[in-house]
Each structure stands twice: as C-alpha cells, then as structure tokens.
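Make a model of the complete structure from these sequences and hints.
2 protein chains.
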Amino acid sequence: MTTTDATRTDLPAAGEDLATTMARLGRQAVAAAAVLARADAATKNAAIVAAARALRARAAGVLAANAEDLAAARARGLAPALLDRLALDAGRVEGIARGLDEIALLPDPVGTVIAEWTRPNGLRFQRVRVPLGVIGIVYESRPNVTADAGALCLKSGNAVILRGGSESVRSSRAIHACLVAGLVEAGLPVDCIQLVPTTDREAVRHLLAEMGDYVDVVVPRGGRSLVERVQKEARVPVIGHLDGNCHVYVDRAADLAMALDIVLNAKLRRTGVCGAAETLLVDRGCAATHLKPLLGALLDAGCEVRGDAECRAADPRVREATEADWATEYLDAIIAARVVDGVDEAIAHIARWGSAHTESIVTADPAAAERFLSNVDSAIVLHNASTQFADGGEFGMGAEIGISTDRFHARGPVGVEQLTSYKYVVRGSGQVRPK
Amino acid sequence: MTTTDATRTDLPAAGEDLATTMARLGRQAVAAAAVLARADAATKNAAIVAAARALRARAAGVLAANAEDLAAARARGLAPALLDRLALDAGRVEGIARGLDEIALLPDPVGTVIAEWTRPNGLRFQRVRVPLGVIGIVYESRPNVTADAGALCLKSGNAVILRGGSESVRSSRAIHACLVAGLVEAGLPVDCIQLVPTTDREAVRHLLAEMGDYVDVVVPRGGRSLVERVQKEARVPVIGHLDGNCHVYVDRAADLAMALDIVLNAKLRRTGVCGAAETLLVDRGCAATHLKPLLGALLDAGCEVRGDAECRAADPRVREATEADWATEYLDAIIAARVVDGVDEAIAHIARWGSAHTESIVTADPAAAERFLSNVDSAIVLHNASTQFADGGEFGMGAEIGISTDRFHARGPVGVEQLTSYKYVVRGSGQVRPK
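For the protein sequence lines, the chains are A and B, in the order given.
Okay, so the first sequence: first residue is 319 according to our numbering, each after it adds one.
Okay, so the second sequence: first residue is 319 according to our numbering, each after it adds one.
Take the hints with a grain of salt, since some may be wrong.
If chains are identical, the list can't say which one is meant, so a pair holds when it fits in one copy or spans any two.
No more than 25 Å apart at the CA atoms, straight line, and that leaves these computed lysine to any residue pairs for SDA-like [what the hints assert, rightly or not]:
(1) K610 to P515
(2) K610 to L649
(3) K753 to G409
(4) K550 to T640
(5) K610 to D335
(6) K550 to G530
(7) K550 to E520
(8) K610 to E551
(9) K550 to R519
(10) K753 to R394
(11) K753 to G541
(12) K610 to A682
(13) K550 to E528
(14) K550 to L336
(15) K550 to D626
(16) K753 to L424
It should be emphasised that the hints constitute simulated quantities derived from the structure, not laboratory data.
In structure tokens form, the structure reads like this:
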C-alpha cells in the first residue's frame, strides 16, 4: 500500500498542529471537489470499481489491521455488541467490496435535469443537479462505513472528509487506502476522499465547528449520542439521523393474518435496524379478536412484550409497560404494546411518542389508511407493509448513508440523490428585463 | 383592530420574561403548524385574501403607525436610504395587498406528488410535499416583509414567527394585525403567523439559538451583516441569502448589440437588486471591437466604471479598479470591469471573486456558452440574458423570500415550493421484508 499512501496528502506534515492539519484537509477537499464536480460518471465509477478490486486484493492486509483494532478494543474492554460491529472477516470484506460495486452501478445524479420549462419571453429554464461540495462524515467504529460513505460521496460528486471511531482506526485506514488506490487508478484527485489522520476527539470539534469555509454539510452516522453531539456542536448544516421509534397500528379493519405477518416481520426480522417496529398499537375495535393472537405470536417468537392493562389481560406473559417504553427504541426483541381508540388515537400516540421515522397501518379500510398516511408526520408512512422496508435499497434508491429524520434538505433514505444540490441554467436569445 | 388583537396570543403575558415568552411562541407555533399542515388550499388562500382585504380597509391605520415609526427613526437620525425602505404610502400599501392576492393565486405545493414509482414486490411509493413546520424569519425594517413572508409561509403550510427590525415595529404590528384578521376570518389558528412582541435584540438570539425544539428553519432576510449574524448564531438550519456579486462575461463571439442591451440592463435597470451586475468581464478576443462601446455606453448612462489598465486605455473616464472592486456588491450605479483571456479566465475570475449568486455569458458560440454554464458554480447561470432575471417571479415561481446562495436544501429563488419538505407514502398489500 506504500505506493498509494505516498500519494496521500491527508496525513499530517511533520510538526503540523491539529488546526493546521484540519484546515489543510479542508482546502484540499475544496480543490478536489472542484475537479470531481466535473468528472463524468464513467471516471467516478471506474474509481469505485477499482477500489472494490483493491479491497479484494488487499483483504489480508485489511483483516490484519482489523485484528489489531479488535485486540486493542478487547484490551480496553469494549462491549461485545461494539466488538461485533468492529469485527471483519473474509465474508464481511467481500460484502463491503460488493457494496462498492453496487454503488458504481447506481445512476449518476450529477447533471440530471430535475425540471425544465420555458417562459413566455422565450427564456428556457433548467434545474440541474450539482454536488453539495464537501461533505464531512462522522461515524462510529464501523469499518464498512469508511467504504460506503466514501463511495456514496464520490458517486454524488462530493469530496468527503471521513472521521471514524477511534477503535476502528487501523481498519479504516486500510480500507481508505483501497479507496485512494481507486482514485489514483481513475486519475481523480486523492483528496476526493480524505480520512482525518488523528483519533484526537478535538478533530471532530474542528470538523463540526471550525471548518465552515470548507465543509458544506456534515452527516453523522451512528447512534443517538453521536447524532446529538453533532447537532449540538455543528456550525455547518447537518443531515441528522435520530432514532427510529417506529410503530405498527393494527386497525379494526385489519385482516388478522396480514397483521400477524407484518407485526412479526416489522419487529423481529432484524431487531437492530432503525426501521424495526418498537411499539404495537391495536385498535380497541378489533382487540377482542386480534389482540391475543398478535401478542401471543410475538411472545411465542421469543419477543418480550411490555403492554398496558388490556394487553396484560389478553396474555399474562405481557409485562407492565411504563411511560418510558413508549419513548424507547429497543433495537432488541422487545416491543411496547397498547390498545388505542381507533386511528385518531393511534395518530395522537405516534405524534406524542414517535421519532418521525417510519410508521405502518394495517387495515382493509381505505379511509382509515388515507387518514393515517396523511396525518402521521413521519419520513416514511406505510399501508399494509412492514416497517422494515425503511431502507434505501428497498425504496429502489440504492445504497444510502442513513434515514434522515430531519425535515430540511433530505428526509427518509439519504442516497446519492440526496447528497446533491441544484442550480438553475437559463438559456436566452438576448432577453433583458423590462423596467 | 382591537377585536383582532384580542385573539392574538403572541403578546407577552403580564410579568412574563423573554425566555418564557419566546418558548410560549414556539409551542404555539408548533401547535398551529400541526393544524395548518392539514389545511386545504382554499382555506389558506381565503386567509391570505382576507388579509389583503383587511390591509386595504385599514390602510389609514397602517400609514399612521408607519408615520410614528418614521418620526422616531428620523429622530434617531436613520440614514435616508433606510428611511425610504421603512416609509409606506397609499401606493406601497396597495402594492403589499396586491402581493398578498398574488400569493393566494399561486399553486399550493403541499400534498403535491414529487415522484412515484412501483417496486417489483408491488409496493407503490410516492414522495409527497409537506410543510417544513415552523419557520423563523428575521428581517430588517421593511414593513412589507411582514406581509410577504407571513403569507408565503402560510401558503406553504408553515407556521411562522416573524421578527422585524425595531424601527418598523409599529408598522409591522399594524400589518401583522391584518394577517391575523385574515387567519381569524378563515378559521385558522391565529398562531400560524406570530410576531415577536418585543424589540429586545436578545429575542433574536433566542429565536436563533434557544428554540431548536420549536423552530425547523430560520430565514434571514436582509443585508450581509444580518445574514452573517444569523448564520453565526443560529443553532437551527438557515436558508441564507448572501450578497449578489453578479458578473456579465462578454465573450469574443458576442453580438455587440446584444451585449450592449444585456450589460446596460444587468447593471442599470435597477442597481439595488441582488441580481444587478457588479462586474463586467470582456474577452480579450473582442476587446478591440467591444470594449470601448460597452464602457462608453455604461459611462454615458451615468454609471461609474472602475476598470483595469485596458479598460482605462479604452476610455479615459474609467477610474482605476483595486482588488476590493472585484469583491464588491455596489448595489449602485458603479461597475467593475476587466479584460480576461476567454471563457476559462472568466470562469476563474468568477470562482475567485463571485458570491455564487447569478452570472451571465453573452456569446453566439454554443461551446463557450455550455462551458460557462456547466463550469460556473452559481445558483443561477444565464446565456444571452440579463442577470436581472434573478427573481422568483421571472422564473415563474411566483413571490419569493429571497435568492438562496446556500447549496443546502434550497438554492436560488426561495418560493413556496422551497419552503416545503417531503415524506414517503408507501402503499402495499401485506408485503413483509424477506430475511
């Protein structure tokens, strides 16, 4: 990897202090972004595919770096769940490489004409997608994010400054070197994808608060505490991804079999994803017939249920829910459950306790469905489908950097299209504006 | 106006401190926004038209309030230009009312389906426009902004908290009372449009930094110092409008007559608008034939020209330009001028000195035009047209709150569409996500 690293300019120069290093990374990113914004799709895709190739060729080196990270993390007593997120094996490395190949296959959003129209005076208007510019990504110790985020930003024509968790620093550097190799092979500036070279937490503060002249937007990718820190400290725009406290509402007009399929899938297919259901709301109008089977199926599948009095009456295995349960994103085989008086009380419960991420209604009543879909103010609202479809790939948008719970700029899955801005191109034939 | 004001809840309660008042305004705005988000176009338009009617009916009261503002401002020695912005007369009040009527006629963006598609599994996806939520508007002492901004936010389904300049406080209150009368007549919550009831500058800091739980975005409307203060202090997303240091580049392949029309219009039609040209760039390839006529026409029209040596050689009336001139938004009958070596040097000059607002190329050469349009990174780039078309109305977008020079969320004219977010509505028939 030496030859590649020799081309890297994101490493600190001898005796350079943090502020100087970060400002230099910022200037380099801006310069790279100007070149990248004009790169065609073929060149960007070539870099991404070459990075995937390099990753496969260097898998052994990546795994060796990851083993060092894991050893150090174990020595520091990192929690098992975090160790698992940090750990790579041959299969996971191949998965990361395949993810890069898939990003290369996505359509290039840059240059797409979003809208065009002509005015009576003959002026022809086009709204055209352009990159955002320079994106900062702050993430936890998940080595795969280095590749995903780096490639998504490259594909969307943005230079990126990556800052991963300190426990994964060796793995991230090894993966980043593969991305750089891809840039070199495609003839793109190596500064298109830079990795903050220090684990100093102060570097994160710099990226968030001191680099407004260079960074157009910061995307935190991680748990609530990371996102909240970024939103609190950031002096640049942020695309935030807060927790997914997702709800499934089973309406009185719900088909029981469909409700069972959707509730079990929404909660248990994967419990650790942000689209996993965390609260089940059952309409009193069907509680007599639907509540016991729904709770029983969850419990029989090994899911803990924390419910209100009616749920506990329906199945003695249900534990008592406290207010905290309505607000909790378990990310585990636990679900909160309560009975509500119809769609309006369901909408009110979601407004009070939800995180505006993803909610689903199960019903055969079109009026109830439309009322729910239009009145639930979440990034994603579904009718008769599992909340676990909350994923850019399932939307047909391809890989994404997360599900935005912001209302500003991007909401829902943040894919390559959401990492762009636009400009107006106006073509005339000598028009001047009348007095 | 008493009956209307009696319905207002944005006035401080007896003995209520600033923080309490601002937090209450925030809570009231959130509650109003939830109702407003579901209001249909007819109701919102009825409120706007009724506000225009109230404004016409109460013109005398508005003018009396404005006279008090003017007297106080004169006593404090406010600059003539600022006094003019503050001053209302019967014609200006009618202009504000007509502006409201025009906003009522705009299409309602809320509920618009931006995109829809179906996935192989049968899930039907729609991306639907929704309001942003609660918008804070901070503006200078321009009474008309109270009406424009209030109505644009209402039309786009957003509750708004308005904070105008202290010199215009009486005028703004009188105009705001008319907006409230419109809300009451249409049966919408009066808190849809609230006016910060104090001129205490600390209230602005609260709006920018302390109200993240209530305010989704802040829009500063005013000069550079205001926008910079807002961008510096804001802890919520900002749609910024920095200065318009706009350029016209006259290429070697430009028709001289067209270039004369466009340059004179771009600079002099109105010198105080953000789309006014501030720098003229002339290609050395046509300087021999085009430079003298262009400079002469500007000078003969009473425009001061500050140019480089070649411009001064072309016309002795041209004064010497300093570096500062390339960076200055004159908003006056002054233009900077220099000769450049073709389209690439023009692009480089704009990248170095421009504010990414609006730039125009005059040329009969399609290749030069496309190179300029694709490589100049400004919100608006024009070919063979005046920069003074940089206006939402001229774009066919209707009234706007300003021209965004940000890349994030909204770029260029910020009209009702740019004051919205979106959500995903997904309709299924029992789909669950495979393992």
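Against the structure, the hints come out as follows:
Taking identical chains as interchangeable, the C-alpha atoms of K610 and P515 are never at most 25 Å apart, the minima being 55 Å within one chain and 54 Å between chains. Taking the shortest Cα distances, K610 and L649 sit within 25 Å of each other inside one copy (23 Å), while across copies they are farther apart (72 Å). Taking CA atoms no more than 25 Å apart as the test, K753 paired with G409 passes between copies only; the shortest distance there is 18 Å, against 68 Å inside one copy. Taking CA atoms no more than 25 Å apart as the test, K550 paired with T640 passes in neither setting, with 29 Å inside one copy and 41 Å between copies.
Within a single copy, K610 and D335 get their C-alpha atoms no closer than 64 Å, and across copies no closer than 52 Å, so neither meets the 25 Å cut-off. In this homomeric assembly, K550 and G530 come within 25 Å of each other (Cα to Cα) both inside a single copy, at 15 Å, and across copies, at 10 Å. In this assembly of identical chains, the alpha carbons of K550 and E520 lie at most 25 Å apart whether taken from the same copy (15 Å) or from different copies (20 Å). Proximity of K610 and E551 under a CA criterion of 25 Å is satisfied in neither setting, with 47 Å inside one chain copy and 53 Å between copies.
Taking the shortest Cα distances, K550 and R519 sit within 25 Å of each other both inside one copy (15 Å) and across copies (23 Å). For the homomeric pair K753 and R394, neither the shortest alpha-carbon distance inside one copy (72 Å) nor that between copies (34 Å) is at most 25 Å. Taking the closest pair of Cα atoms, K753 and G541 come within 25 Å of each other only across two copies (24 Å); inside a single copy the shortest separation is 55 Å, beyond that limit. In this homomeric assembly, K610 and A682 come within 25 Å of each other (Cα to Cα) only inside a single copy, at 20 Å, whereas the closest approach across copies is 76 Å.
For the homomeric pair K550 and E528, the shortest alpha-carbon distances inside one copy (14 Å) and between copies (11 Å) are both at most 25 Å. Both within a single protomer and between protomers do K550 and L336 lie at most 25 Å apart by alpha-carbon distance, with minima of 21 Å and 23 Å respectively. Proximity of K550 and D626 under a CA criterion of 25 Å is satisfied in neither setting, with 35 Å inside one chain copy and 47 Å between copies. Taking the shortest Cα distances, K753 and L424 sit within 25 Å of each other only across copies (23 Å), while inside one copy they are farther apart (47 Å).
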